[in-house]
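Chemist: Using the sequences plus the hints, can you model the full thing?
Below are the chains, spelled out letter by letter.
There are 2 protein chains.
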Amino acid sequence: MTYCVGIKLNAGLVFLSDSRTNAGVDNISTFRKMIVYEKPGDRFMVLLSAGNLSISQSVREILQVEQLKEREDSEPVTIWNATSMFDAARVLGQAVRHVYDRDAAALKYSGVEFNVNLIFGGQIRGEGMRLFQVYSAGNFIEATPETPYFQVGEYKYGKPVLDRVITPDTPLEEAAKCALVSMDSTMKSNLSVGPPLDLVVYEANRFETEQIVCIDMQNPYFRMLHSSWGQKLREVFDSLDDPVWDDMKAPAGGSINKPLKKITRPEEKLI
Amino acid sequence: MTYCVGIKLNAGLVFLSDSRTNAGVDNISTFRKMIVYEKPGDRFMVLLSAGNLSISQSVREILQVEQLKEREDSEPVTIWNATSMFDAARVLGQAVRHVYDRDAAALKYSGVEFNVNLIFGGQIRGEGMRLFQVYSAGNFIEATPETPYFQVGEYKYGKPVLDRVITPDTPLEEAAKCALVSMDSTMKSNLSVGPPLDLVVYEANRFETEQIVCIDMQNPYFRMLHSSWGQKLREVFDSLDDPVWDDMKAPAGGSINKPLKKITRPEEKLI
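Heads up: the sequence lines are chains C and H, in that order.
Position 236 (the first sequence) corresponds to 236 in our numbering; numbering is contiguous.
Converting from the second sequence to our numbering requires adding 271 to each position, the first position being numbered 1.
Derived by calculation from the structure, the hints in this document are not laboratory data.
Please note that a few of the clues may not be correct.
[As the list claims (entries may be wrong)] Going by beta-carbon spacing under 8 Å, a handful of chain H positions derived as facing chain C: (1) Met305; (2) Trp351; (3) Ser460; (4) Leu531.
[What the hints assert, rightly or not] If you want the ones that stay clear, here's a sample from chain H, every Cβ over 12 Å from chain C, calculated: (5) Asn293; (6) Ser345; (7) Thr354; (8) Phe357; (9) His369; (10) Gly382; (11) Val383; (12) Ile412; (13) Pro514.
Think of the CB as a built atom: it goes at the ideal place given N, C-alpha and C, for glycine as much as any other residue.
Modeler: Structure, rendered in structure tokens:
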């Protein structure tokens, strides 16, 4: 499978992806799922991909040269000359549709769904940062202050910590830590998500970044995070009181629900 | 959806279920998903159910009177006279198959999958406690010391805390607390899992229990658990160091993975 997360904060953007792919549990490989596009001083964009690897690789290849033409005589729009991230996301959506036109019928014939899920974010000079999730149909949605992050792939295990921590005001380093904890929880529970990890942190209005790192299981920071998080979670659990039966059974104000009736004979009714 | 968990410990058994069902997010109802069967001094059994409600209700109704006959002249086995939990689970599997025979073709015709997932555990005098997960085909698996719990329904959000805490040596009260934290995490992330909750704790070799409680959002213990867990998780997160970029980028011993190359021009190759 895959796990990728993209986060949009007031201070910047954070992107994190794993690199495990699998065609069945007996066929695991390493493919990196992040691409960074940068024209220093002009634009900075990151693409994260989940889904069928042949589709996402084709989309990535095509995106480099994809051209969107509104009319016959209009200048073609690419991710390199688009004047907004919205237009760049449209170019990406069109690249997805080109792969669909080329492959979907043959995939369907083989019983394979046309499945690709993308996170695409960045900043183009002249506007603020933007973050999109692009679907298999080439349509897309944009992150907002209420929902400042997107996940693709195995999203469930890593979602609770994002919901507890991330707001638009979260500092960049804290968001990077949160993304790594989210990834750690996911890798612990789903074997088809695995290292190395690619992490990118982008500061607003820089139009480039040097904060690109590849994290494997030898990385001292990630090892610290992994062991401390697990150990401290356990300490928190132990610090909570165990239930006391007499208190549990005492009727609480406003409670209308009764404990279940036991069934004690074959002929007894359930309700 | 649904979330149910059954845990087998050396000290006894713990069962917990939610009570929300939904046919689309615009059609939410409350149905309790636990049944307790008890013949004091002789047998104690609990059934938890997830999946299509019409199927699980039919299975529960039929189970009361289901009879398993090995041969024409053999005594029929029911959950009330079975001499082992294994045989009782076989009776349950046969009840599932009876509902399949009656409903599956018509369901398929309407495009509805025959989907039911059951947890069935307890103790019959003469043997130890046993815990089973029963599938839609009526086949089943049994919990072992390495995997002492089963979940059905929305299992992902609540699984990490079970994996961190539960072993066969876990005390009953601690396991009940763990099941409730697991349920709390699930309800926070999936709206289709909801209160009231049914909790049963069974002590080994008692063949009955008085520890049956219905927990709704007025329950003081559950409220304490909910707020303390969230708050302390956040404290643990804050207590972990943020990443420091220079440390992150320093090559670690044994690391072979390089940071991603940036793409800076349309004609640049990805690999």
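Chemist: For each hint, tell me whether it holds in the structure or not.
Modeler: Hints and how they fare:
For H:Met305, the suggested interface contact is upheld, since its CB lies about 6 Å from the closest CB of chain C, less than 8 Å. With 8 Å as the threshold, the beta carbon of H:Trp351 comes within range of chain C, its nearest partner Cβ sitting at about 5 Å, so the hint holds. Taking 8 Å as the C-beta contact cut-off toward chain C, the hint placing H:Ser460 at the interface holds, the least distance being around 6 Å. Interface restraint check: H:Leu531 against chain C, minimum CB-CB distance 6 Å, threshold 8 Å, status holds.
Distance check on H:Asn293: its Cβ is at least 18 Å (rounded) from any Cβ of chain C, clearing the 12 Å threshold; non-interface status holds. Residue placement check: H:Ser345 keeps its beta carbon more than 12 Å from all beta carbons of chain C (closest about 19 Å). Distance to chain C confirms H:Thr354 as a non-interface residue, since its nearest Cβ pair spans about 16 Å, more than 12 Å. With a cut of 12 Å on Cβ distances, H:Phe357 stays outside the contact zone with chain C, its closest approach being about 20 Å.
The non-interface label for H:His369 is consistent with chain C: the shortest C-beta to C-beta separation is roughly 16 Å, beyond 12 Å. Distance to chain C confirms H:Gly382 as a non-interface residue, since its nearest Cβ pair spans about 17 Å, more than 12 Å. The claim that H:Val383 lies off the interface holds: its Cβ sits roughly 20 Å from the closest Cβ of chain C, which is beyond the 12 Å cut-off. A cut-off of 12 Å between C-beta atoms confirms that H:Ile412 is not in contact with chain C; the least separation is 18 Å.
With a cut of 12 Å on Cβ distances, H:Pro514 falls inside the contact zone with chain C, its closest approach being about 5 Å.
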